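Got two chains here, separate frames each, mind docking them using the hints?
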Amino acid sequence: MIPERWLNLGILAALVAVPIWALVVDEPFIITLVTRAVIFALAAVGLNIALGLGGLVSLGHAVFFGIGGYAMGILAYHAQTFTPLAEWPFPIDGTKSMPVIWLVAVTTSTLAALLIGLLSLRTSGVYFIMITLAFGQMFYYFSISWAQYGGEDGLSIYVRNGFPGLNTLDPIQFFAICFALLCAVLGFNALLARSPFGLALNAARQVPHRVETMGLSPFRLKLVAFVISGAVTGLAGALFADLNRFVSPTMFSWQMSGEIIIFVILGGVARLIGPVIGAAAFVLLEHWLGGLSDYWHIYLGAILLGVVLFARGGIVGLVARAHG
Amino acid sequence: MSLLDLTGVEASYGASQALFGVDLSLDAGDVLALMGRNGMGKSTTVKSICRMLPAQGGLIFDGHDLSRLRSHQVARLGVGLVPEGRRCFADLTVAENLIAAARPGPWDLDRVTAMFPRLAERRAQRAASLSGGEQQMLVIGRALMTNPRLLILDEATEGLAPIIRQEIWAAIADLKRETGLAIIVIDKSLAELRQICDRAVILERGRTVWSGAFADLDHETSEQFLGVA
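So the sequences go chain by chain: A and B. Using our numbering, the letters of the first sequence correspond one by one to residues 242 to 565. Using our numbering, the letters of the second sequence correspond one by one to residues 13 to 241.
For reference, chain B alone in the conformation it holds in the complex (with noise of 0.2 Å):
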C-alpha cells in the first residue's frame, strides 16, 4: 500500500474550482515533483492534502482517510509541510521556532542544526534577523522538529541566492540519502528536481496529465505541459 494516495481530487476556492481531479500516489522513501505552470493547482493540493482547504475524493495517507481529518491532525499523523513564502514565527528566536511544536522522534534540535550549521549560530537570534535563505531553512527545520514520514516542500528555493539554493538542494538530497523520508518537491528548477526526484506529477489545469519515473519524462512531455525542455 502507499503511503500517500490521492484519487479524483478536487477542491475550490469559494466558487472557483481549482482542482478537477488530482491523482497521486507515493510510497515510503520516495521522492515525488510535482510540476506544472503557475496556476495549475500544485499549491492547492498540497493545500489539499494539509485540509487547509476543503477537498472531496480520495486523500488517504497511511491508511487514514484525511477528508475526515483537521489541519492538525494530517500533521500529527506525520505530514510536515515547508509551505510556500518561509514565514517562520518572526517573534521567537530560532532555537524556539524549532521546539515550539517539536514532537519525539530522530529529528532533534540537535540533528537540526547538524544538518543546517547557519542556524546552528544563530540558535539565540529571532528569526525576523535572519536572511531569506536563513529562514528557509529554519521553516525546514521546524518542519523536521515534528518528525513527519512525509515532507512537503512547497517552492523551497524561489527567490533565494544560488548559493544557498544549492545547500538546500544539498539537504533535500542528505534527507533522501539519510534518511529514507517520502518527500513532494514543487521548485521551478527541473535540472534540479531531475538529480533528486525518483518520479513525477505534472498537473495541468487541477487534472493530473501525467506521472510516472522522472527518467521517463521526455522532452515533448516536458515541453507540452511546462514550457522548457
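Next up, chain A with everything else stripped away, as it sits in the complex (with noise of 0.2 Å):
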C-alpha cells in the first residue's frame, strides 16, 4: 500500500511519460489512444463530482458529454460550411476556435445540468437513476432525428479545431492541451472536495437531514454537484469530438452513460485518481482485449464484477491508503 498521494503523482507522470515515449519511437498511435483515455478520465473526473461527493448515480451523463461533442460539432460545421448558425436577433457564425468551443460546450452543458438537476434531484435512488436515464434517452432520440447535424449518421469535421499558438494537428500537441485540461480539473476537484462546500456535501450524502438541521439545504448542494459535474463532462465531450473530428448521436447514448460509470467504480469512487485510473485501464483493455476477441465486453464484464465484488475501493482501494 502506497500514500494516496504518490499514487496520483505517478499516475499522472506515466500519462506524460508514455505519449513522449510515443513521441520518440514515432508512434502516434499510441499518443491517439492515451488522449483517448484522458478525455475519457475528464468525463469520468465529472461524474465522480456528483457521484463520489454527492452520491448521486446519474445514468444520464451521456447528456453531457454529448452536448459537448454537438456544441463543437455544430459550431464547427457552421464554420467549416461558411453557414451562419443563427441569423436572428444578429448573425452569428460558427468557430473553429477551441476556447470559444469550450466555453460554448461548458455554458451548454451547465445549463442543462440546471435543467435535468431541478427536476431529478427531486427523486433519489432508482428513481434518479431512471429519470437521468430517460433524459439521456431523450437527447439520444432526438439527436438521431435531427437531419440538420447529420441525424444518425453524426457530423464530420474535417480539419481539428484550432487553440493560439499550438498546432492542435499534432497528436502530441493535441495531447497536452487535453492532459492540461485535465490536470486543471482534477486540481480544482482537489479543492472542492476541500471546501466548506464539498465537506458540506459529503455530510450530506452520509446523513441529509443532518445537514439540513445545520442551515444547509442538501437538494441545492446535490445541485449545484451536479452542475459542475455536467459541466465538466461536457468539457470533456468538446474534446472527445475534436479527437475523433466526429460526433454522432453515440455520444449520446446510454452505454455512454455506463460508461463513465464504469470508468469511476473500475478506478475508485470518491478517490481524485480514481476516474483516470478507471478510464486509463479501459482504454487499455479495450485495446488489448479488443485485439484478442469481438467479444471483449465479456471479459470487461467480469473483471467489473470482480472489482465490485472483492475492490470495494476500485483499483485506488487497492494500492493506496485513504487520506494519504
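One thing to keep in mind: the hints can contain errors.
[Unchecked claim] Stretches of chain B that chain A covers, calculated by requiring three or more beta carbons in the stretch to come under 8 Å of a beta carbon on chain A:
id, stretch
1, 29 to 40
2, 93 to 101
3, 153 to 167
It is worth saying that the hints were derived from the structure and are not from the lab. Predicted model, so just to flag it, every value in this text is computed and none were measured. Beta carbons are placed, not taken as given, at the ideal position from N, Cα and C, and that holds for glycine.
Here you go:
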C-alpha cells in the first residue's frame, strides 16, 4: 500500500511519460490512445463530483458528453460550410476556435445540468437513476432525428479546431491540451472536496437531514454538484469530438453513460485519481482485449464484477491508503 | 417580544398524534429546561421547532413564522440543534465536521477548539475514531459553528461517563455566562439542570403542564410529572 498522493503523482507522470516515449519511437497511434484515455478520464472526473462526493448515481451523463460533442460539431460545421449558425437576432457564425467551443460546451451543459438536476434531484435512489437515464434517451433520440446535423450518421469535421499558438493536428500538442485541462480540473476537484461546500456535500450524502438542521439545503448542495459535474463532462465531450473529428448520437447513448460510470467504479469512487485510472484501464483493456476478441466486453464484465465484489474501493482502493 | 414563542403546538407521526398543545416561550439569553418523562413529547417539540416534522400551531422565532419555513431555513435564522444520539459525519475529520456548515460570527474553529481542548488535539482525526464524549463535544461545536442565537441540546449528556458529563455541563455553563446565548436543554439529570437553567417547562402527554422559574419548581410538581423529587 502506498500513500494516495504518490499514486496520484505516479499516474499523472505515467500519462505524460507514455506519449513522450511514443513520440520518440514515432508511434502516433499510442499518443492518440492516451489522449482518448485522458478525455474519458476528464468525463469521469466530472461524474465523480456527482457520484463520489454527492452520491448521485447519474445514468445520464452522456447527455453532457453529447452536448459538449455537438457544441463542437455544430460550431465547427457552420464554420467549415461558411453558413451562419443563426440569423436572428443578430448573425452568429460558427467557429473553429477551441477556447470558444469549450466555453459554449461548458455553458450549454451547465444549463442542461441545471434543468435536469432541478427535475431529477427531487427523486433519489433508483428513481434518480431512471430519470437521468430517461433524459439521456430523450437527447439520444432527438439527435438521431436532427437531420440538419447528420441525424443518425453524425457530423464529420474535416480539420481539428485550432488553439492559439499550437498546432492541434499534431497528436502530442493536442494531447498536451487535453492533459492540461485534466490536471486543471483535478486540481479544482481536490480543492472542491476540501472546501466547506465539498465537506457539506459529503456530509449531506452521509446524513441528509442532519445537514438541514445545520442550515444547509441538501437539494441545493446536490444541484450545485450535479451542475459542476455536468459542465466538466460537457468539456470532455467537446474534446472527444475534436479527437475523433466526428460527433454522432452514440455520444448521447446510455452505453456511453454506463461507460463513464464504469470508469469511476473501476478506478475508485470518490477517489481523486480513481476516474483517471479507471478510464486508462478501460482504454487499455479495450485496445488489448479488443485485439484478442470481438467479444471483449465479456472479459471487461468479468473484471468489473471482480472489482465490485472484491475491491470496493476500485483499483485505487487496492493500491493506496485512504487520506494519504 | 420573546425570541421563541410556541403556542398550542400540535404534531403527529403519521396517524398517531404526539403533541396536543405545547406552549413555551423563551427570551434571548434564557436557559430553559424542557422536561417530562420519556415519550411525553420533548424531542417531538424540538423536531417541530426545527421543522423536521410537520406541526400546527404558533411557532414564532424572532418574529418569523417557522411553520412557513423548511428545516435549513430555520437553522439559518439561528436555531442550532444538537440532536439526540450525537451523530457526527463519521467520514470527515474533526476540523472538517466543524467547518462543513460554518457561518460567519463569533464562533470559529479557534474558539470552538479552545472551548473543547479534546477536539483541538484531534483536529485531523476522523470523527468515527472519537470516543462517545468527544463526538458529543464535536456535535455541540458543530452547532456553535453555525453561530446560532438559540442552541437546543437534546439529551447531550446521555450515556456518557461522569467525568465527560461534567465537562459538557461546564461547557454549557460557560456558554451561558460568556455568550448570553438562549439555550433549551433536555436532560434527565434534575440536579444539573437546576444548576444551570433559569426556567423550566414540563410536558405531560404532549401538553405543557407546568412552566415557570426553575426555582419555583417544587417537590410535588417534580414528583408528579417527572417521577423524581
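Quick rundown of the hints versus the structure:
1. 29 to 40: Coverage by chain A is violated here, the residue count being 0 at a Cβ distance below 8 Å.
2. 93 to 101: holds (count 4)
3. 153 to 167: holds (count 3)
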